[in-house]
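There are 2 protein chains.
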Amino acid sequence: MRASPTQEEIRRHNLGVLLRYVHVKGPTSRAELTASLGLNRSTIGALTADLTAAGLVREELPRDHGRTGRPSLVVRPEHERVYAYAFAVEVDRLTAARVGLGGVVLDRHEVPRGPDADVVEPLAAFVRRTESAVGADTVCVGSGAAVSAMARRADGRVYLGDAAELEETLAAGLTAALSEFRKAAPPVAVRNVADLAALAEHTRGVAVGCDNVIYLHGDAGVGGGIIAGGRAVTGHGGHGGEVGHMVVNPQGRGCGCGSQGCWETEIGEYALLRAADRDGTGRQAVSDVVDAARRGDVVAQAAVRQVGRWLGFGVANLVNIFNPEMVIFGGTLRDVYLASATQVRERLTRMALPACREHVRLRTPDLADDAPLYGAAELAFERLLADPLDAAAA
Amino acid sequence: MRASPTQEEIRRHNLGVLLRYVHVKGPTSRAELTASLGLNRSTIGALTADLTAAGLVREELPRDHGRTGRPSLVVRPEHERVYAYAFAVEVDRLTAARVGLGGVVLDRHEVPRGPDADVVEPLAAFVRRTESAVGADTVCVGSGAAVSAMARRADGRVYLGDAAELEETLAAGLTAALSEFRKAAPPVAVRNVADLAALAEHTRGVAVGCDNVIYLHGDAGVGGGIIAGGRAVTGHGGHGGEVGHMVVNPQGRGCGCGSQGCWETEIGEYALLRAADRDGTGRQAVSDVVDAARRGDVVAQAAVRQVGRWLGFGVANLVNIFNPEMVIFGGTLRDVYLASATQVRERLTRMALPACREHVRLRTPDLADDAPLYGAAELAFERLLADPLDAAAA
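As they're listed, the protein sequences go chains A and B. Basically this note's numbering = 1-based index in the first sequence + 1166. Basically this note's numbering = 1-based index in the second sequence + 1166.
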């Protein structure tokens, strides 16, 4: 029950609204900003002048101006000058990117993540290398990291590590690396891989305009990023979305979490490889099974169908609980879903209530495997977009 | 990405904030309002004057004013003059109440709901009787109804009716009844029983101050009212929260929804009565089994323990998905939970991730069986609290 903001708070809020608009939608004319944001022309002009003075946007004549009359200036985010760092720590790989305001990837680096390997140093090295090369007039406004607490041992088995410890180590290490170059660098914000992939697809991917979305991320285990009523469902301690540990098969196999018959024991990497009677680990091994099924390998086909049925089983449960308008299959689940869409849909039809399932769309991510990385960038920009002048001055 | 409100919108917003405060917290001094709402004294004074002129609040000297100096006036909602209607349609009973601003029940009526019985007329009769008796200076600001689409046949079996049709019939019938007395009566707002029970407990029950809450409502079937980040999770079409149709036992019994092994087939009224080898139906029959277990009936004890284990199973899944700070057991599940808390906790410990479960509190409703009715009243007041002067003038 908070009361209303002051005039200065309104101005700062509006600065954020305008900057967020061009960050998400790209270069936009003043005329479109006036119409879309419900502010008058002079207010848009004043806000744009403030953001220009802060070096966050610049104004240009439109390229295709052919009509008579005075053209509406185009407001463009300063994507080369203003940037954030984005990192993703997944089971088998580490990715890092420097991302300009507006979501433009300026530099990107990816390395495999070995068993029991240090995750901080490869990412910190990217920061040091990149910071040594960028111009003096650039501004780093934040850093975000998408983290999976799952890790792989030398024997190929994955285990659920201590998420809180990993997040702390990562944030401390990366913040320290950046602080060598940027005195006032804000601390690195860390969040779950699936939550950030959902944020990315909701902001600039397949789920733009959808307010009720479930993003399922397969990466050895299975996590969920959930958006309900346009906002992330993260729970009391930020640990929500652990859909991979929803028990679907009480008579099923033991799970690394200590429970039995968790969804990820039926649809994770192991489940598919075991059903296909194959060795190997990781995303490539999953893709190989799906490819073999496509080429007619009957064992692989049966494995894909079996996993697809369990995939549909859990999706039906989530559809009954959330009544989403879209479910997105990301990571390893992208390939699995595309190869077993028939089984997924059949289960959904049989198990979900008509009212809950009739408008749901099943999709794969627009941002492909970089959805978590893009989401980490959005997390990094959040502080700037909430209060542009304060964050830009820091 | 909406831009900021105008001055007039701010004033109206602040009127709603102030009125909501006294509606929820009860009579409040101007001094406390100034401190709690972050507005200055003169603004509070002006807002209170507007609300007083509209007949929504009145100001009084505090009863226990003993200190020296000028006392801070107490702002009190006009609970006898301004009221709403609340209705609850449950499987075996119908309830109706006239509820004053501030959540004070002024009149209340309850009738059993017979098999295949008309639900509109008993509630409409309450409206006509009540409206004939209230004073001419009273204002009805809205009506809300909590509805379960489950109904009972003459043989005692329940079935899932057409929720949309029931909601439409109910809204039309009750709106018509009220229109005989109130020309500008707003239409009756209808929502699911569990959603409204969750709203009531969150607003003025056991979950006040908790932003992540799951309310489980047992009434033959099982529904869920979910609050995440302080807001109701209702889904794309408003059909979310169907946790009773989460499949927990793939080898389980057929469910009325057409699926198999749904949670409600293991924890609903039938499940308990069948396990206890008893006839009978309804809430009393459930209570009888729980009472028998308490008195030492070994068959009833085994039945309660079995249902308790399945109750904990589903709660563990929901805790992994939502990371709530509180789970509330309402309707028939209240008695079942109280008698099987050991089994519920044991399952929760075994199946839910430590990070998701470590801060969760398991509770029963403060508002007992009237949680849905109180929630319907909150729904009815929503329009007034969003824009007090507009709604009060209607």
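These are computed hints drawn from the structure, not numbers from a lab. Note that beta-carbon positions come from the ideal geometry of N, C-alpha and C, so glycine has one too. Possibly wrong hints are sitting among the right ones.
[As the list claims (entries may be wrong)] Beta-carbon label-pair distances, calculated as ranges:
#1 A/Ala1215 <-> B/Leu1528: 53 to 59 Å
#2 B/Ala1212 <-> A/Asp1553: 40 to 46 Å
#3 B/Gln1417 <-> A/Val1465: 24 to 30 Å
#4 B/Pro1237 <-> A/Gly1327: 55 to 61 Å
#5 B/Ala1215 <-> A/Asp1556: 34 to 40 Å
#6 A/Ala1534 <-> B/Leu1528: 37 to 43 Å
#7 B/Leu1528 <-> A/Thr1530: 56 to 62 Å
#8 B/Asp1321 <-> A/Val1465: 27 to 33 Å
#9 A/Thr1530 <-> B/Ser1345: 47 to 53 Å
#10 B/Arg1460 <-> A/Thr1530: 37 to 43 Å
#11 B/Ala1212 <-> A/Arg1274: 55 to 61 Å
#12 B/Gly1322 <-> A/Val1465: 45 to 51 Å
#13 B/Asn1206 <-> A/Arg1207: 41 to 47 Å
#14 B/Ser1345 <-> A/Gly1375: 35 to 41 Å
[Claimed, not checked] Residues from chain B that keep clear of chain A, each with C-beta distances beyond 12 Å, as calculated:
#15 Glu1225
#16 Arg1242
#17 Asp1273
#18 Arg1348
#19 Gly1407
Here's how the hints hold up against the structure:
1. A/Ala1215 <-> B/Leu1528: 53 to 59 Å: Holds: the Cβ-Cβ distance is about 56 Å, inside 53 to 59 Å.
2. B/Ala1212 <-> A/Asp1553: 40 to 46 Å: Violated - the Cβ-Cβ distance for B/Ala1212 and A/Asp1553, about 30 Å, lies outside 40 to 46 Å.
3. B/Gln1417 <-> A/Val1465: 24 to 30 Å: 26 Å, holds
4. B/Pro1237 <-> A/Gly1327: 55 to 61 Å: 60 Å, holds
5. B/Ala1215 <-> A/Asp1556: 34 to 40 Å: Distance hint for B/Ala1215, A/Asp1556 holds at roughly 37 Å.
6. A/Ala1534 <-> B/Leu1528: 37 to 43 Å: 42 Å, holds
7. B/Leu1528 <-> A/Thr1530: 56 to 62 Å: 39 Å, violated
8. B/Asp1321 <-> A/Val1465: 27 to 33 Å: 50 Å, violated
9. A/Thr1530 <-> B/Ser1345: 47 to 53 Å: 51 Å, holds
10. B/Arg1460 <-> A/Thr1530: 37 to 43 Å: 53 Å, violated
11. B/Ala1212 <-> A/Arg1274: 55 to 61 Å: 56 Å, holds
12. B/Gly1322 <-> A/Val1465: 45 to 51 Å: 50 Å, holds
13. B/Asn1206 <-> A/Arg1207: 41 to 47 Å: 33 Å, violated
14. B/Ser1345 <-> A/Gly1375: 35 to 41 Å: Check passed, 38 Å falls within 35 to 41 Å.
15. Glu1225: Fine: 19 Å to the nearest Cβ keeps B/Glu1225 off the interface.
16. Arg1242: Fine: 17 Å to the nearest Cβ keeps B/Arg1242 off the interface.
17. Asp1273: Answer for B/Asp1273: holds, closest chain A Cβ roughly 28 Å.
18. Arg1348: 29 Å, holds
19. Gly1407: 7 Å, violated
The structure is inconsistent with the numbered hints 2, 7, 8, 10, 13 and 19, although it conforms to all the rest.
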